[in-house]
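*Asks:* What follows is each chain in one-letter form.
Number of protein chains: 2
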Amino acid sequence: MISVKEASTIIQSNTKSFGEELVAFQESQFRVLKEEIVADRDFPPFNRVCMDGIAISEKAFLEGIRDFKIEGIQAAGSPQLELKDYKNCIEIMTGSVLSKNADVVIPYELVQIEKGTATVAVETVKKLQNIHLQGKDRKKGEILISENKIITAAEIGVLATVGKSEVLVEKQPKVMIVSTGDELVEVSESPLNYQIRRSNVYSLVSLLKELFISAETAHLPDDKVSLKAAISKYLETYDVLLFSGAVSKGKFDFIPEVLEELGVEKLFHKVKQRPGKPFWFGQRVAFDMSKQDVFKNKKQTTIFAFPGNPISTYVNCLKYFYPWYSKSIGIDSEKKEYAKLDSDVVFNPKMTYFLQVKIENRLGEVIAIPFSGNGSGDLANLADADAFIELPAEVSEFKKGSIFPILRYRKF
Amino acid sequence: MISVKEASTIIQSNTKSFGEELVAFQESQFRVLKEEIVADRDFPPFNRVCMDGIAISEKAFLEGIRDFKIEGIQAAGSPQLELKDYKNCIEIMTGSVLSKNADVVIPYELVQIEKGTATVAVETVKKLQNIHLQGKDRKKGEILISENKIITAAEIGVLATVGKSEVLVEKQPKVMIVSTGDELVEVSESPLNYQIRRSNVYSLVSLLKELFISAETAHLPDDKVSLKAAISKYLETYDVLLFSGAVSKGKFDFIPEVLEELGVEKLFHKVKQRPGKPFWFGQRVAFDMSKQDVFKNKKQTTIFAFPGNPISTYVNCLKYFYPWYSKSIGIDSEKKEYAKLDSDVVFNPKMTYFLQVKIENRLGEVIAIPFSGNGSGDLANLADADAFIELPAEVSEFKKGSIFPILRYRKF
Chain B
1 MISVKEASTI
11 IQSNTKSFGE
21 ELVAFQESQF
31 RVLKEEIVAD
41 RDFPPFNRVC
51 MDGIAISEKA
61 FLEGIRDFKI
71 EGIQAAGSPQ
81 LELKDYKNCI
91 EIMTGSVLSK
101 NADVVIPYEL
111 VQIEKGTATV
121 AVETVKKLQN
131 IHLQGKDRKK
141 GEILISENKI
151 ITAAEIGVLA
161 TVGKSEVLVE
171 KQPKVMIVST
181 GDELVEVSES
191 PLNYQIRRSN
201 VYSLVSLLKE
211 LFISAETAHL
221 PDDKVSLKAA
231 ISKYLETYDV
241 LLFSGAVSKG
251 KFDFIPEVLE
261 ELGVEKLFHK
271 VKQRPGKPFW
281 FGQRVAFDMS
291 KQDVFKNKKQ
301 TTIFAFPGNP
311 ISTYVNCLKY
321 FYPWYSKSIG
331 IDSEKKEYAK
341 LDSDVVFNPK
351 MTYFLQVKIE
361 NRLGEVIAIP
371 FSGNGSGDLA
381 NLADADAFIE
391 LPAEVSEFKK
401 GSIFPILRYR
411 KF
Chain A
1 MISVKEASTI
11 IQSNTKSFGE
21 ELVAFQESQF
31 RVLKEEIVAD
41 RDFPPFNRVC
51 MDGIAISEKA
61 FLEGIRDFKI
71 EGIQAAGSPQ
81 LELKDYKNCI
91 EIMTGSVLSK
101 NADVVIPYEL
111 VQIEKGTATV
121 AVETVKKLQN
131 IHLQGKDRKK
141 GEILISENKI
151 ITAAEIGVLA
161 TVGKSEVLVE
171 KQPKVMIVST
181 GDELVEVSES
191 PLNYQIRRSN
201 VYSLVSLLKE
211 LFISAETAHL
221 PDDKVSLKAA
231 ISKYLETYDV
241 LLFSGAVSKG
251 KFDFIPEVLE
261 ELGVEKLFHK
271 VKQRPGKPFW
281 FGQRVAFDMS
291 KQDVFKNKKQ
301 TTIFAFPGNP
311 ISTYVNCLKY
321 FYPWYSKSIG
331 IDSEKKEYAK
341 LDSDVVFNPK
351 MTYFLQVKIE
361 NRLGEVIAIP
371 FSGNGSGDLA
381 NLADADAFIE
391 LPAEVSEFKK
401 GSIFPILRYR
411 KF
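In order, the protein sequences belong to chains B and A.
For the first sequence, the numbering used here gives the first residue as 1, with consecutive numbering after it.
For the second sequence, the numbering used here gives the first residue as 1, with consecutive numbering after it.
Errors might be hidden in some of the hints.
The list treats identical chains as one, so a pair stands whether inside a single copy or across any two.
Once the Cα atoms are required to be at most 27 Å apart in a straight line, the calculated DSSO-like pairs of lysine-lysine come out as [as the list claims (entries may be wrong)]:
| no. | residue 1 | residue 2 |
| --- | --- | --- |
| 1 | Lys-5 | Lys-233 |
| 2 | Lys-411 | Lys-336 |
| 3 | Lys-149 | Lys-84 |
| 4 | Lys-251 | Lys-126 |
| 5 | Lys-266 | Lys-126 |
| 6 | Lys-84 | Lys-249 |
| 7 | Lys-299 | Lys-224 |
| 8 | Lys-59 | Lys-139 |
| 9 | Lys-340 | Lys-126 |
| 10 | Lys-336 | Lys-209 |
| 11 | Lys-136 | Lys-336 |
| 12 | Lys-127 | Lys-251 |
| 13 | Lys-336 | Lys-87 |
| 14 | Lys-299 | Lys-399 |
| 15 | Lys-270 | Lys-69 |
| 16 | Lys-299 | Lys-87 |
| 17 | Lys-336 | Lys-140 |
| 18 | Lys-69 | Lys-249 |
| 19 | Lys-358 | Lys-34 |
| 20 | Lys-224 | Lys-209 |
| 21 | Lys-411 | Lys-136 |
| 22 | Lys-136 | Lys-358 |
| 23 | Lys-358 | Lys-140 |
The hints are simulated quantities; they were obtained by calculation from the structure and are not laboratory data.
Just so we're clear, the structure is a prediction, and the values are computed from it rather than from any experiment.
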């Protein structure tokens with residue numbers, strides 16, 4: 001049995017890219033950028049007025065002029081006007097180009113307009129006041145967003161601004177989520193007294209939806225022949241197979257056996273952790289010998305076979321699949337979130353303990369409140385907690401105030 | 001001009017429900033639950049075996065029996081077997097019903113099976129060991145999830161377990177996002193030298209997508225007649241109108257005027273904050289006099305008219321629209337996230353200052369690193385930061401280590 005750290009290391013050294021694709025920029029939210037986004041022009045692209053008021057020439061003001069005849073109105077979105085007589089002014093709007101020959105903008109609040117003349121009530125002006133100079137924010141050609149950034153609303157705005165109507169992003173993996181277990185019935189069915197409803201695949205689908213991955217699902221019977229036939233097809237089609245159940249010592253736990261028979265290399269089975277111990281991880285790399293460049297045409301399928309206990313499946317998806325996916329698509333998978341224990345915890349087994357906690361931000365400190373639920377088998381506990389805190393195997397007494405990494409699944 | 005606090009109070013006292021609807025449970029993720037979810041049976045629903053091994057009777061063990069003849073195999077998903085002779089055993093799998101007359105499960109690791117007999121190598125057993133008793137987690141009828149909870153992957157699993165194939169959730173509001181400004185061209189167009197591309201509506205659409213709201217968008221010209229005609233229609237159709245731009249003192253800033261002419265009550269205009277000051281907020285309540293119950297059939301439209309500066313629009317959406325939406329759908333809108341300033345900040349104007357910061361979790365502390373960008377007009381700064389920190393109006397020197405609320409827009 002290996003440690004949680006060893007398991008993570010093996011998983012993180014078996015990541016892979018899913019390829020790249022162009023998508024409409026509005027569809028790129030939550031995806032990972034695979035190109036640099038560069039300023040296509042200066043920002044602002046012109047000397048941009050940032051107050052509504054009048055544009056004058058500093059020279060006139062310095063000569064003592066306070067009454068300015070209005071030559072015209074410069075609206076946003078209109079071609080640049082020219083101040084013909086430097087002693088006059090132009091009414092000018094936020095967002096418009098500064099008029100030619102003008103170099104000061106005085107806001108309406110400080111101006112009185114009567115019969116076509118604007119009188120200003122200020123003692124001094126500053127050259128270029130209320131003008132956002134061309135290129136002040138960014139110069140044409142400057143990098144605005146670097147590669148491998150997750151696209152949020154902020155980046156969407158930048159993409160729009162520079163005219164990237166299409167943008168290169170990492171493809172999402174093709175994922176198949178498979179449940180097994182003859183005791184399972186569909187959600188809409190009434191289980192008999194020895195049956196339960198299928199829930200893990202739906203939790204997994206939702207956990208992947210939080211990463212904006214649309215996964216497919218299937219249920220397979222506890223029968224070796226059917227399992228093998230179905231999984232053999234999935235290995236050809238999907239980048240990732242997620243299993244839930246049938247990975248332990250039971251008579252009908254055929255998954256590890258079937259996977260190995262289908263050429264999947266077992267990278268480990270069982271991790272020193274609770275819950276989630278009988279986790280099986282493997283990979284198959286197949287080469288298409290009919291293709292010219294055999295190595296370029298390899299098909300790599302990664303298999304996460306989680307234990308069937310709902311909490312085990314859940315915590316293992318967060319702990320192992322999430323960072324594997326992050327590293328695969330090129331984003332930082334090392335960044336951890338930490339929290340401070342709100343009370344003492346004792347856990348004697350020499351295994352990593354993933355304890356359910358509620359999370360609070362108490363004046364800038366992230367506090368993990370251990371959640372005394374009904375034991376790790378109880379799925380409903382998940383609905384009452386916000387995260388798992390990861391307590392290391394080497395220690396058995398964890399003091400209030402000590403700090404450990406958390407796996408947070410509730411973000412709001 | 002009112003304070004940020006006053007603005008928030010006014011906005012939060014003008015929330016409203018959008019109604020409820022039934023959706024398929026797989027589609028309910030990120031929505032707000034509007035019913036209690038109750039255990040439809042005990043959990044576990046039967047005495048559930050939690051190890052693969054053999055089931056025996058404690059009585060036989062206490063009598064000194066260590067070799068048990070195997071009567072049969074109890075698989076998960078099969079009806080309960082009965083241990084016919086209490087001196088025998090049944091091979092039993094994780095997830096199955098405990099066989100009748102058995103009360104101890106011994107895992108395969110401690111058992112040797114040869115010629116139909118299982119020999120156990122243990123000195124003691126505990127009655128009911130490795131058995132998860134019926135109803136231990138939850139009793140039939142117990143509340144598993146309460147109303148007004150946001151549905152995450154955890155809740156999806158619970159809904160599946162109790163067979164809620166359809167679930168009652170709050171409807172999402174119908175939102176129209178309107179940009180104005182004749183200087184704006186489409187993202188795919190090449191702007192002339194006095195034009196810029198339309199970006200705020202796309203940022204707003206994305207910010208709303210993070211709340212799982214699908215908003216519609218429109219662009220209106222800076223022309224009072226067209227504005228009035230279009231907005232008049234939107235008031236009939238939408239729960240919320242979001243504007244960006246045309247709310248200031250400019251000659252073509254018709255929005256406040258048009259809204260008031262259309263019967264929208266202005267609740268405030270301008271807030272003591274930077275950026276985002278010229279924010280206009282109002283509401284129209286219209287009664288359908290043709291309907292029998294006039295008050296029940298009122299149509300309430302809420303209008304957030306944000307300033308056109310991209311950062312202003314962005315911060316105001318986070319600061320005002322987000323909590324308004326949260327309170328409207330029934331979730332806690334008071335919960336704040338705090339962070340500790342990582343360096344001194346000075347801001348002299350007597351206004352609330354929304355400063356862009358990067359966020360780091362340093363061993364359980366949320367740290368806000370002020371981001372020295374190119375000034376508040378620079379949209380590309382948003383791509384480099386993670387949040388705004390809200391620095392109060394009454395103070396002008398903010399010391400390193402002091403703690404303030406943050407508005408976080410980047411969650412990963």
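*Asks:* Against each hint, give a clear statement of whether it holds in the structure.
*Replies:* Each hint tested on the structure:
Taking CA atoms no more than 27 Å apart as the test, Lys-5 paired with Lys-233 passes in neither setting, with 32 Å inside one copy and 60 Å between copies. Taking CA atoms no more than 27 Å apart as the test, Lys-411 paired with Lys-336 passes in both settings, with 15 Å inside one copy and 13 Å between copies. For the identical chains of this complex, Lys-149 and Lys-84 are neighbours neither inside a copy (48 Å) nor across copies (64 Å), given an alpha-carbon limit of 27 Å. Proximity of Lys-251 to Lys-126 under the C-alpha cut-off of 27 Å is restricted to the inter-copy arrangement: shortest distance 24 Å between copies versus 85 Å within a copy.
Taking the closest pair of Cα atoms, Lys-266 and Lys-126 never come within 27 Å of each other, the shortest separation being 72 Å inside a single copy and 35 Å across copies. For a Cα distance limit of 27 Å, the shortest separation of Lys-84 from Lys-249 across copies, 25 Å, qualifies, whereas the shortest one inside one copy, 90 Å, does not. Taking the shortest Cα distances, Lys-299 and Lys-224 sit within 27 Å of each other inside one copy (24 Å), while across copies they are farther apart (60 Å). In this assembly of identical chains, Lys-59 and Lys-139 lie within 27 Å of each other by CA distance neither inside one copy nor across copies; the values are 29 Å within and 84 Å between.
Taking the closest pair of Cα atoms, Lys-340 and Lys-126 never come within 27 Å of each other, the shortest separation being 52 Å inside a single copy and 37 Å across copies. Both within a single protomer and between protomers do Lys-336 and Lys-209 lie at most 27 Å apart by alpha-carbon distance, with minima of 21 Å and 26 Å respectively. In the homo-oligomer, the alpha carbons of Lys-136 and Lys-336 never lie at most 27 Å apart, since the shortest distance is 36 Å inside one protomer and 35 Å across protomers. For the identical chains of this complex, Lys-127 and Lys-251 are inter-copy neighbours only, at 24 Å across copies versus 85 Å inside a copy, given an alpha-carbon limit of 27 Å.
Taking identical chains as interchangeable, the C-alpha atoms of Lys-336 and Lys-87 are never at most 27 Å apart, the minima being 62 Å within one chain and 54 Å between chains. In the homo-oligomer, the alpha carbons of Lys-299 and Lys-399 never lie at most 27 Å apart, since the shortest distance is 47 Å inside one protomer and 55 Å across protomers. In this assembly of identical chains, the alpha carbons of Lys-270 and Lys-69 never lie at most 27 Å apart, being 84 Å within a copy and 30 Å across copies at closest. Proximity of Lys-299 to Lys-87 under the C-alpha cut-off of 27 Å is found in neither arrangement, the shortest distances being 74 Å within a copy and 54 Å between copies.
In this homomeric assembly, Lys-336 and Lys-140 never come within 27 Å of each other (Cα to Cα): the closest approach is 36 Å inside a single copy and 39 Å across copies. Taking the shortest Cα distances, Lys-69 and Lys-249 sit within 27 Å of each other only across copies (20 Å), while inside one copy they are farther apart (92 Å). Taking the closest pair of Cα atoms, Lys-358 and Lys-34 come within 27 Å of each other only across two copies (22 Å); inside a single copy the shortest separation is 36 Å, beyond that limit. For the identical chains of this complex, Lys-224 and Lys-209 are neighbours neither inside a copy (30 Å) nor across copies (44 Å), given an alpha-carbon limit of 27 Å.
With identical chains, the CA atoms of Lys-411 and Lys-136 are never at most 27 Å apart, being 37 Å at best within one copy and 29 Å at best between copies. Taking the shortest alpha-carbon separations for Lys-136 and Lys-358, only the inter-copy value of 22 Å comes in at or below 27 Å, while the best intra-copy value is 46 Å. Taking the shortest alpha-carbon separations for Lys-358 and Lys-140, only the inter-copy value of 25 Å comes in at or below 27 Å, while the best intra-copy value is 47 Å.
Violated hints for the displayed structure, listed by number in ascending order: 1, 3, 5, 8, 9, 11, 13, 14, 15, 16, 17, 20, 21.
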